[in-house]
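2 protein chains.
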Amino acid sequence: MADALKIGIAGLGTVGASLVRILQDRHEMLATTCGRAIETTAVTARDRNRDRGVDLSKTAWFDDAISLARDADIDVFVELMGGAGDPAYSAVKAALQRGIHVVTANKALLAAHGIELAKIAEEKGALLNYEAAVAGGIPVIKALRESMTGNTISRVYGIMNGTCNYILTKMEKEQLSFEACLKEAQRLGYAEADPAFDIEGNDTAHKLSILTSLAFGTAIAADDIYLEGITNISIDDIHAAADLGYRIKLLGVAQRTESGIEQRVHPTMVPYDSVIAQVDGVTNAVAIESDILGELLMVGPGAGGNATASAVLGDIADIAKSRPGAQHVPAFGRPTNALLPYKRAQIQSHEGGYFIRLKVVDRTGVFASIATRMADNGISLESIMQHSKHLMDTGEPQTIILVTHATSEHSVRDAIKAIKGEGYLVGEPQVIRIERPKAN
Amino acid sequence: MADALKIGIAGLGTVGASLVRILQDRHEMLATTCGRAIETTAVTARDRNRDRGVDLSKTAWFDDAISLARDADIDVFVELMGGAGDPAYSAVKAALQRGIHVVTANKALLAAHGIELAKIAEEKGALLNYEAAVAGGIPVIKALRESMTGNTISRVYGIMNGTCNYILTKMEKEQLSFEACLKEAQRLGYAEADPAFDIEGNDTAHKLSILTSLAFGTAIAADDIYLEGITNISIDDIHAAADLGYRIKLLGVAQRTESGIEQRVHPTMVPYDSVIAQVDGVTNAVAIESDILGELLMVGPGAGGNATASAVLGDIADIAKSRPGAQHVPAFGRPTNALLPYKRAQIQSHEGGYFIRLKVVDRTGVFASIATRMADNGISLESIMQHSKHLMDTGEPQTIILVTHATSEHSVRDAIKAIKGEGYLVGEPQVIRIERPKAN
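Chain order of the listed sequences is R and V.
Residues 293 to 732 (the numbering used here) are what the first sequence spells out, left to right.
Residues 293 to 732 (the numbering used here) are what the second sequence spells out, left to right.
It cannot be assumed that every hint is accurate.
As the list claims (entries may be wrong) - Pairs of lysine to aspartate or glutamate, EDC-like flavour, derived with a Cα cap of 20 Å:
| hint | chain 1 | residue 1 | chain 2 | residue 2 |
| --- | --- | --- | --- | --- |
| 1 | R | Lys635 | R | Asp535 |
| 2 | R | Lys462 | V | Asp535 |
| 3 | V | Lys462 | R | Asp565 |
| 4 | V | Lys298 | V | Asp343 |
| 5 | R | Lys465 | R | Asp486 |
| 6 | R | Lys411 | R | Glu464 |
| 7 | R | Lys465 | V | Asp565 |
| 8 | V | Lys385 | V | Asp347 |
| 9 | R | Lys651 | R | Asp535 |
| 10 | R | Lys350 | R | Asp363 |
| 11 | V | Lys465 | V | Asp535 |
| 12 | V | Lys465 | R | Asp565 |
Simulated from the structure, these hints should not be mistaken for laboratory data.
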């Protein structure tokens with residue numbers, strides 16, 4: 293049997309502690325599977341004295357991640373601290389510069405510095421593995437980087453934030469408001485005290501930027517993402533979606549278009565009988581559409597100490613099974629000098645169906661006026677209807693729901709601007725994009 | 293850049309021809325991704341003169357697969373002929389004995405000889421990759437063999453035969469009989485002229501036996517599988533399932549139980565709102581339940597020239613990215629001498645819910661008698677009802693549907709035997725097992 297693989301772990305939170313425990317409990321099983329033992333030889337964390345329920349007595353302790361990465365006697369540096377900046381950034385860089393393999397679950401770091409780090413890894417013959425950074429336990433990085441080699445990807449999209457999916461699912465199933473569901477998510481630990489990063493879509497955007505690079509062979513462009521969170525979604529939208537045969541999900545979508553790569557994160561209506569519509573609660577799902585394989589959808593746990601530790605362990609095991617300097621696995625699927633520049637497609641050019649919910653004053657001719665304004669902008673309507681809750685002639689504002697056939701974001705915005713000019717709108721219109729799986 | 297990877301392909305049917313075309317068309321792209329070119333240097337097929345729409349003028353032709361495997365100047369032998377016996381078996385063996393890596397899509401071969409071939413691969417330091425053998429384009433082999441390293445698997449199950457899923461989907465959606473849908477499947481090329489191998493469940497069983505070995509670390513036991521096909525499923529069963537909130541799918545299920553590993557292939561009711569219930573048509577799906585990662589479900593094309601070629605190409609690319617002798621990837625997840633013997637759990641001990649459809653003569657006391665016989669055998673009922681089509685007192689036989697809570701196969705069989713003794717049954721009862729995803 294080959295020499296043991298020595299790993300150093302930076303960060304002993306939920307994921308790090310799970311990982312150390314699994315590596316201890318399954319030492320023999322892992323040695324059999326990998327052909328060599330995996331030993332945790334060095335660790336660092338914020339608090340040395342906290343009881344994590346794991347035995348670290350034979351493990352070297354480092355006071356900070358950068359010195360662990362620089363000085364520890366390790367083959368693999370496992371970064372589980374999080375954050376785009378230091379110490380994670382400098383520590384990962386230091387490890388790669390020594391030619392030490394890196395396994396990380398840090399999406400923010402990769403979104404900000406992924407290509408730079410990949411370049412160093414390449415130069416030093418080290419592996420940079422990050423399965424846990426996107427959609428937790430779902431092996432989507434491996435699918436894109438390895439299984440789908442040779443495929444041309446046309447679209448990758450998914451539910452990549454468990455907090456948002458939990459809230460949207462709960463709103464629908466229990467007829468509760470966004471605020472009530474957010475509170476429940478916080479109580480259960482699914483949402484942070486400051487939930488903005490999740491519910492505004494930033495977390496999904498970080499993950500999407502990594503998938504975009506892998507799928508399209510482009511440089512990471514995490515700042516070039518159209519972003520819309522779920523704070524604006526009301527129970528009325530969810531009802532209207534259900535009436536029309538849709539469910540609302542926060543999707544991250546990256547798509548090849550004629551004008552470039554479109555990256556967008558926004559609430560999306562998906563057909564009720566599509567597989568992804570049935571993905572509930574904190575579960576994640578990622579779909580990849582390609583020219584050879586076709587459509588692949590993977591559903592699984594997107595977060596949690598164990599699921600994330602499982603993905604990290606898979607990355608470590610891949611290294612354990614390889615031999616030093618033995619593999620050519622560019623971090624983003626191709627050598628960094630072969631990555632294309634990212635060319636942003638403007639969201640204005642997005643072609644697809646739209647759901648539009650308008651509140652209007654109750655007067656004759658409003659339907660005709662709305663339909664005319666849509667037609668003026670070349671928008672073909674699938675349906676236009678008064679919402680069922682407001683069928684009585686009460687003189688109160690009425691809710692009108694439009695569903696369009698495929699059209700451009702640009703046309704929709706122009707049409708809404710024209711409708712606003714008519715003077716019968718009450719408040720802001722709600723616009724939700726419709727996304728259809730290829731197979732549906 | 294490293295030397296080109298030289299591959300020899302045996303079998304130029306739909307998959308083989310797709311593969312040759314892709315390797316030619318995407319030569320540069322693959323070289324960039326893999327760090328070396330991939331060259332088709334030798335081929336063999338039944339008919340040398342058939343036009344396959346690919347240029348083979350620079351490729352060595354061999355008249356048979358075994359001499360190609362023995363004599364060709366290749367690094368990888370790609371076996372796409374199919375069949376458990378020769379020439380596939382001897383050719384793969386010959387290649388491995390030369391220490392040449394093998395990529396195969398041949399589930400029958402692996403089900404019959406997988407462990408023997410894995411042992412030779414191990415001894416010679418060759419890789420034996422077979423992603424395409426199970427569920428076509430879905431990377432389930434990679435997920436089990438690599439991503440889930442360290443996990444203990446409790447159950448793996450899935451829809452692994454597109455023909456059966458197409459028929460069951462069409463029966464439900466278009467209210468057609470089994471026979472009509474089978475004919476349509478044959479017309480579309482989804483079913484063979486002799487469809488028995490698919491519709492009786494054998495194809496699913498081959499694939500399941502491979503997943504069982506990978507999931508549980510046991511020797512392959514393809515003959516130790518409880519087998520029940522879909523020929524017995526009527527439109528009445530599909531209606532009754534829908535009324536109760538279920539859909540019927542042909543599942544292959546392998547499950548760890550106290551008495552051993554249970555392997556079974558049979559029509560199964562899955563909850564309508566589960567993700568797997570929404571997998572329609574020829575699409576496949578595989579779910580893996582494990583202790584660290586949790587539940588992972590993958591959905592994608594299970595067959596077709598391109599999807600299968602994509603999986604084969606992924607396997608070839610993995611070899612191209614590695615360097616000779618550089619990896620430790622035992623074919624079935626652990627070295628063959630570490631595989632456990634397969635210990636069969638009898639289907640009699642299967643614990644789960646059951647759907648039972650009985651035709652009975654219309655007389656007072658039948659409900660009570662049935663309920664009593666079930667209770668006698670310790671079976672707790674979720675529901676017992678007359679089927680909605682037969683509410684009138686016509687004197688004709690009535691249909692009664694039972695749904696049980698979790699119980700053993702043994703108890704169900706005993707209860708049915710007792711009911712048969714009562715003399716009011718007409719024809720044979722229909723029994724369909726209910727399977728629930730862990731998350732539901």
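Structure-based check of all given hints:
| no. | hint | result |
| --- | --- | --- |
| 1 | Lys635/R - Asp535/R | violated, 38 Å |
| 2 | Lys462/R - Asp535/V | violated, 25 Å |
| 3 | Lys462/V - Asp565/R | holds, 15 Å |
| 4 | Lys298/V - Asp343/V | violated, 23 Å |
| 5 | Lys465/R - Asp486/R | violated, 25 Å |
| 6 | Lys411/R - Glu464/R | violated, 45 Å |
| 7 | Lys465/R - Asp565/V | holds, 13 Å |
| 8 | Lys385/V - Asp347/V | violated, 28 Å |
| 9 | Lys651/R - Asp535/R | holds, 18 Å |
| 10 | Lys350/R - Asp363/R | holds, 17 Å |
| 11 | Lys465/V - Asp535/V | holds, 14 Å |
| 12 | Lys465/V - Asp565/R | holds, 13 Å |
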